[in-house]
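**Q** Line by line, the protein sequences give chains V and Z.
Using our numbering, the letters of the first sequence map in sequence onto residues 7 to 149.
Using our numbering, the letters of the second sequence map in sequence onto residues 329 to 760.
Calculated directly from the structure, the hints in this document are not laboratory data.
Mimicking DSSO-like on lysine-lysine, the simulated pairs with C-alpha atoms at most 30 Å apart in a straight line are:
1. K453/Z - K649/Z
2. K66/V - K723/Z
3. K424/Z - K752/Z
4. K66/V - K735/Z
5. K735/Z - K19/V
6. K607/Z - K349/Z
7. K735/Z - K73/V
8. K349/Z - K333/Z
9. K94/V - K73/V
10. K19/V - K721/Z
11. K387/Z - K649/Z
12. K721/Z - K66/V
13. K73/V - K60/V
14. K752/Z - K66/V
15. K742/Z - K60/V
16. K742/Z - K19/V
17. K742/Z - K66/V
18. K752/Z - K19/V
19. K387/Z - K607/Z
20. K349/Z - K368/Z
21. K73/V - K742/Z
22. K721/Z - K742/Z
23. K73/V - K752/Z
24. K557/Z - K333/Z
25. K19/V - K723/Z
26. K19/V - K73/V
27. K73/V - K721/Z
28. K73/V - K723/Z
29. K649/Z - K531/Z
30. K723/Z - K752/Z
To spell it out: a stretch of chain Z is covered by chain V in this simulated footprint if at least three of its residues, at any positions, have a beta carbon under 8 Å from a beta carbon of chain V; those stretches are:
31. 703-712
32. 734-743
Heads up, the beta-carbon is just placed ideally off N, CA and C, and yes, glycines get one too.
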Amino acid sequence: MILRQISVFLENKRGTLAQVLNALNENGVNLRAMTVADTADFGILRIVVNDPDKVEQILKDANYAVKITPVLTMKIEDSPGGLMKKVKLLTDNGINIEYIYAFASTDIDGARVVLKVDNLEQASQIMRDASAAEDGDYSRNCW
Amino acid sequence: MYWNKLIETMGREEMTELQTKRLRDTVQRVYRQVPFYRNKMKAVGVLPEDITELDDVRKLPFITKQEMRDNYPYGLFAVPLTEIVRIHASSGTTGKPTVVGYTKQDIDIWAEVTARAFSYSGASKNSCIQIAYGYGLFTGGLGAHYGAELLGASVIPVSTGNTARQIMLMKDFGTTVLACTPSYALFIADTIREMGLDLSEFKLQAGVFGAEPWSENMRREIEARLGIKALDIYGLSEIIGPGVACDCLCQDGLHISEDHFYPEIINPVTGEVLPDGEKGELVITTITKEGMPMVRYRTRDLTMLNRSVCDCGRTLIRMGKVLGRSDDMLIIRGINVFPSQVESVLLSIGNTSPHYQLIVDREDNLDILTVLVEMNEEMFSDEVRGLEGLEQKIKAALSNVLQISAKVRLVSPKSIERSEGKAKRVIDNRNI
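With the hints as extra help, turn the sequences into a complete structure.
**A** Structure, rendered in structure tokens:
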């Protein structure tokens with residue numbers, strides 16, 4: 007399934023993560039998934055929330071540089087090799103994964119990850135085909 | 329000991345007479361040969377015949393650096409290119425440099441005034457002069473080189489960089505006079521100490537330092553740490569390069585070679601000419617230059633003039649150490665940098681001009697330029713690679729236009745301090 011992820015530019019200095027989390031908290035935003043990519047000078051905070059449009063506006067109003075990026079999300083079995091199987095499937099189909107991170111928690115059995123891939127539509131189709139074959143109706147489990 | 333006693337000790341009346349004659353010649357020449365000057369004079373209704381005495385120079389319009397850029401590259405040359413034997417250039421706002429051209433005679437005059445400058449430091453044909461200014465389009469290296477050579481000194485054209493080797497040569501070759509930027513002189517002093525060398529192993533007596541502003545405190549520090557006399561040499565490529573003026577050993581103002589460069593001090597806001605001793609912007613008219621004469625060039629350097637006779641016996645007018653700028657130009661490692669250059673670089677990379685700030689620090693006596701660039705929606709990428717690529721791209725474009733390397737740091741939107749809605753463009757932490 008394709009999700010709209012929010013990316014936020016952060017300077018790599020004391021307090022910047024706390025500030026942005028505070029801005030989200032003040033507006034009652036719950037983070038479903040989150041990761042930070044960092045370099046010596048800056049970081050990119052990537053989050054998944056229930057209402058990306060609203061959160062984008064909240065962050066823009068708080069003077070953050072924000073970008074919405076479509077990413078792939080998929081459910082994985084919460085057992086050894088669960089992630090490997092799915093990633094291998096994508097890789098075997100020629101999909102490049104730019105980055106991957108896990109959901110904080112899910113309301114379903116198993117785990118869930120977020121992936122940024124080079125060919126989103128194709129990757130999404132691969133995962134749909136795979137889950138249809140494995141689990142029957144995949145989309146029922148998604149929010 | 330004078331290099332050119334006749335000129336250096338010329339009486340005021342005689343100097344005025346010489347300057348008046350040369351000014352009249354220059355004005356006639358530019359009116360005839362350079363459409364730019366002709367049009368500017370026509371616009372204010374002044375003809376060459378109206379310039380009969382020295383003070384008539386005030387009737388002539390000023391020329392600015394922007395007008396030099398507008399006439400890029402050869403628009404202000406007063407002779408055909410066949411007469412030009414050398415071209416120098418300084419970095420420009422939009423990647424286009426400011427160009428200056430010299431005839432054979434201009435090069436000779438430049439060597440003459442720079443030889444004078446070296447001689448003020450006590451240098452002579454018995455000296456060994458190490459030129460650690462950059463050689464190339466920048467006027468520092470070649471300008472100092474020709475002057476030192478005309479003086480008859482043994483010239484070591486080492487250029488900038490490779491400080492350890494620089495110091496080895498200084499010691500082994502018995503350098504007596506060092507020519508470089510004052511900040512590089514301090515860096516050399518530090519390196520000598522780090523290398524564990526003793527000053528007694530060197531023959532250094534004097535330094536002729538310039539191309540960037542420096543304080544009296546810095547002068548004392550250099551003198552103490554290198555055990556030399558440190559003299560300030562002033563110049564700018566628009567006028568000729570280094571050698572327009574230089575300290576003598578009295579260190580009480582820089583003697584301007586006024587037989588070639590006629591100085592005035594103006595109020596930078598009104599353009600009104602100010603009396604001697606008052607602080608204002610230095611305006612220079614070249615009165616012997618052939619290739620690219622400059623009539624009332626606004627240097628933007630703030631200083632004052634002193635026409636009294638110096639203790640060294642020289643009568644040449646003196647200018648004070650440069651006190652600052654009347655525009656926002658920064659001089660970093662001897663190179664002129666305008667904030668607007670950074671702006672044009674950023675504009676050339678993205679679709680919008682982001683907010684930015686220049687921070688200049690001095691670490692280990694070397695100037696470090698850091699450019700903060702505020703992130704915006706257009707520039708922001710979700711990928712680290714993308715942002716690092718952007719940083720690299722800005723860095724490369726900046727060093728290309730500025731001719732010096734700069735650190736680039738991407739910062740949060742609206743994080744750069746703004747006063748009255750206007751961003752503060754420059755923070756200079758150098759305490760010059």
